[in-house]
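Peer 1: Use the sequences and the hints to build the structure in full.
Given next are the chains, with one letter for each unit.
Protein chains: 2
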Amino acid sequence: MKRTTIRPENHHQARLLRLLRDGGRSRAELGDVVDLSRSKLNLELDRLVELGLAELDGLAASRGGRRSSRVRLSSDTRFAGVDIGATSIDAAVTNGEMEVLGHLSERCDIRKGPAAVLGQAVELVGKLQHDGLFTQLNGVGVGLPGPVSFAEGVPVVPPIMPGWDRYPVRDAMSREFGCPAMVDNDVNIMALGESHSGLARSVDDFLLLKLGTGIGCGIVVGGAVYRGVSGSAGDIGHIRVDDYGPVCACGNSGCLEAYSGGPAIAREAVAVARAGESPYLAERLAEAGVLTGEDVGAAAAQGDPGAIGLIRDAGRRIGQVLASLVSFFNPGLVIIAGGVARLGHVLLAEIRSVVYRRSLPLATGNLPIVLSELGDTAGVLGAARLVSDHVYSAT
Amino acid sequence: MKRTTIRPENHHQARLLRLLRDGGRSRAELGDVVDLSRSKLNLELDRLVELGLAELDGLAASRGGRRSSRVRLSSDTRFAGVDIGATSIDAAVTNGEMEVLGHLSERCDIRKGPAAVLGQAVELVGKLQHDGLFTQLNGVGVGLPGPVSFAEGVPVVPPIMPGWDRYPVRDAMSREFGCPAMVDNDVNIMALGESHSGLARSVDDFLLLKLGTGIGCGIVVGGAVYRGVSGSAGDIGHIRVDDYGPVCACGNSGCLEAYSGGPAIAREAVAVARAGESPYLAERLAEAGVLTGEDVGAAAAQGDPGAIGLIRDAGRRIGQVLASLVSFFNPGLVIIAGGVARLGHVLLAEIRSVVYRRSLPLATGNLPIVLSELGDTAGVLGAARLVSDHVYSAT
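Read top to bottom, the protein sequences are chains A and B.
Heads up: the first sequence runs through residues 40 to 434, numbered per our numbering.
Heads up: the second sequence runs through residues 40 to 434, numbered per our numbering.
No wet-lab data here; the hints were simulated from the structure.
Just so it is clear, CB atoms sit at the ideal spot from N, CA and C, and this is done for glycine as well.
Treat the hints with care, as some may be off.
Facing chain B, from chain A, some residues (calculated, C-beta under 10 Å) [claimed, not checked]:
1. G91
2. E191
3. V195
4. V260
5. S271
6. I275
7. P400
8. G404
Peer 2: Written out as structure tokens, the structure reads:
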């Protein structure tokens, strides 16, 4: 039996491992938080050490009596988190305490299909191995930019991922690395990352709004990701903003993404540049032949009024949809993340202004709306955390 | 100590009481579903009988060995459910198995304030007592037509309830009946009622849309009511439908309630009658001087095109908001309830058509959208169920 397929034997051991994931501690400290007799606690901890899942870590400071020995997760525990986007792959390796030991990022085109893209992901993780970050993984978590059947570990009719429908991503990655794998959509793993160590760390119910090529929402209820009955919860990109808006790729008109997705903003930027409303964007367009969301952000940072107008328009539409979701869900926090979020404080100000004006006062009274501080780390960290939840659950 | 304040002593007893709430059963059957040794199970059951919470109920059919004795909730267990609306009060009494033994309804005006309205509610429950349905209550659950701080049992800045802000409804009702009381908003108790014995009985994640004077949404996640961080989750009446709609009582324009709430439909009906677009409504208006939602329903039932148009317009706006919520929440079921829901299948057809067209296919693939079958029973049953959850939890 491979070492890495070892999992806790019962739910007491699983509970202890999850506690240790937040940091090593003394037996006495563990005894304070778990509902086990001292002898039963020591029995389970000894068994975790025997299984190679935990290890002893010296003696703790005395609390008055005999000094209690410290326990921590096995120091060679390693999880990998892989965050596959439409145009990039991020991969990171963490220890058992979810500290990121190394993080690499590469351009990539999701449309090349699962064999090529997963191959590139495996190579990227291989580089981290080559850097000496691990010899064997305990688990690998993967995020994908589309709907995922969480139970089966496969993408389901993902709109921007030709060739990926029902491809067995989880099983392929598990086989590749010889360890358990878990797959979820990119927005859910970002929400999990924010919940683990971002601004949402102490918030039970929150929303993570990802603004990029697509627009999606991670929903956390009672500290756990809520996926809905068919795994599509949070797919808000095609919520109607109005009936007479631009036609969307989905066939309806006036969808949020058709207004405020990355490509829509870039398209509008070209129109603004050609209309002579932005000297900065006109110059960039003449140089590069195309415009991107980053160009709009750079122009706005220089005070370009055309670019600022574009960002405000996008923010207003995002705010209108978010206001509805805030009234409905009454979250304790909203985090804005993703590429479009890099448009920064002009975007955030517009979103806030609409939400605070249009949502119920009771729902917004104590509601912070903030930009993510984790950036690209949220996804890889959430993916590693996702698989650690699985590995540290009773078999 | 009063008999009715007796609650289970530990979480095993609480679990057993909740199981028995779904119907009496043999000790052997209980042993199949709880994780207790036979001797421990019998100990806890004997203790519940001693406490007067359960009673023996003869012998079960043999399953091969010695016949197992049956246990049921104490046959004099009684819960009351009170559903206070803007213009009516419903009250019912159930036994421990949540069977409705009696149900009364009266007109009432919420604007008379808490002393008068709660006094009327107490009298209504008193009539049920006078009918011999109980001598003492084990718990009373109360639903109110506005935002409620669930933890404190008080309404919080309720818009249509002048004089009720922070009135101690829970404590007043508990003192009045000498038993535990719980208070929640009317939409949440309806959702709980549907979850207990309505169409949602086997659905973990669903939405209950209440269409009446106000419009609200009960949210059930994993079988439990989701209330949000400040208790306002599901307050969807002021979600924006469009920017240029009618001005709403809340100060914004284009809110859902300003289009599709009961009073908005009645107001539109008068306009349609006066414009000569509905002979039926014109006649009713001439007779009564006012029009109500019921008049619109009656006109539509006779094929009146003006009334059908009105219902379609209201349904379209409701559908637009519901489509967003379905994309976001990915529920397993949507139940439509409340007074406006009595406009029936024309309304339902329009709501369905918009949701099935505008929500994500993944979210609507297996999504039933149905009219409630419980009607006015949902609220009182949910209120009784709410307090029974409290009474059958460990102290």
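Peer 1: Against chain B, run the beta carbon of V195 (chain A) and see if the smallest gap drops under 10 Å.
Peer 2: holds, 7 Å
Peer 1: Can the hint on V260 (chain A) be confirmed by a CB-to-CB distance to chain B that is less than 10 Å?
Peer 2: Holds, about 5 Å.
Peer 1: Less than 10 Å between beta-carbons is the criterion; does G91 (chain A) satisfy it with respect to chain B?
Peer 2: With a closest approach of 29 Å, the G91 (chain A) hint is violated.
Peer 1: Using 10 Å as the Cβ threshold, decide whether E191 (chain A) counts as touching chain B.
Peer 2: violated, 14 Å
Peer 1: For the hint on S271 (chain A), just tell me whether its beta-carbon gets within less than 10 Å of chain B.
Peer 2: holds, 4 Å
Peer 1: Measuring from the C-beta of G404 (chain A) to each C-beta in chain B, is the shortest one below 10 Å?
Peer 2: With a closest approach of 6 Å, the G404 (chain A) hint holds.
Peer 1: Against chain B, run the beta carbon of P400 (chain A) and see if the smallest gap drops under 10 Å.
Peer 2: Holds: closest Cβ of chain B sits about 8 Å from P400 (chain A), inside 10 Å.
Peer 1: Does I275 (chain A) meet its interface restraint, that is, does its C-beta lie within less than 10 Å of any C-beta in chain B?
Peer 2: holds, 5 Å
Checked against the numbered hints given earlier, the structure breaks hints 1, 2 and satisfies all the rest.
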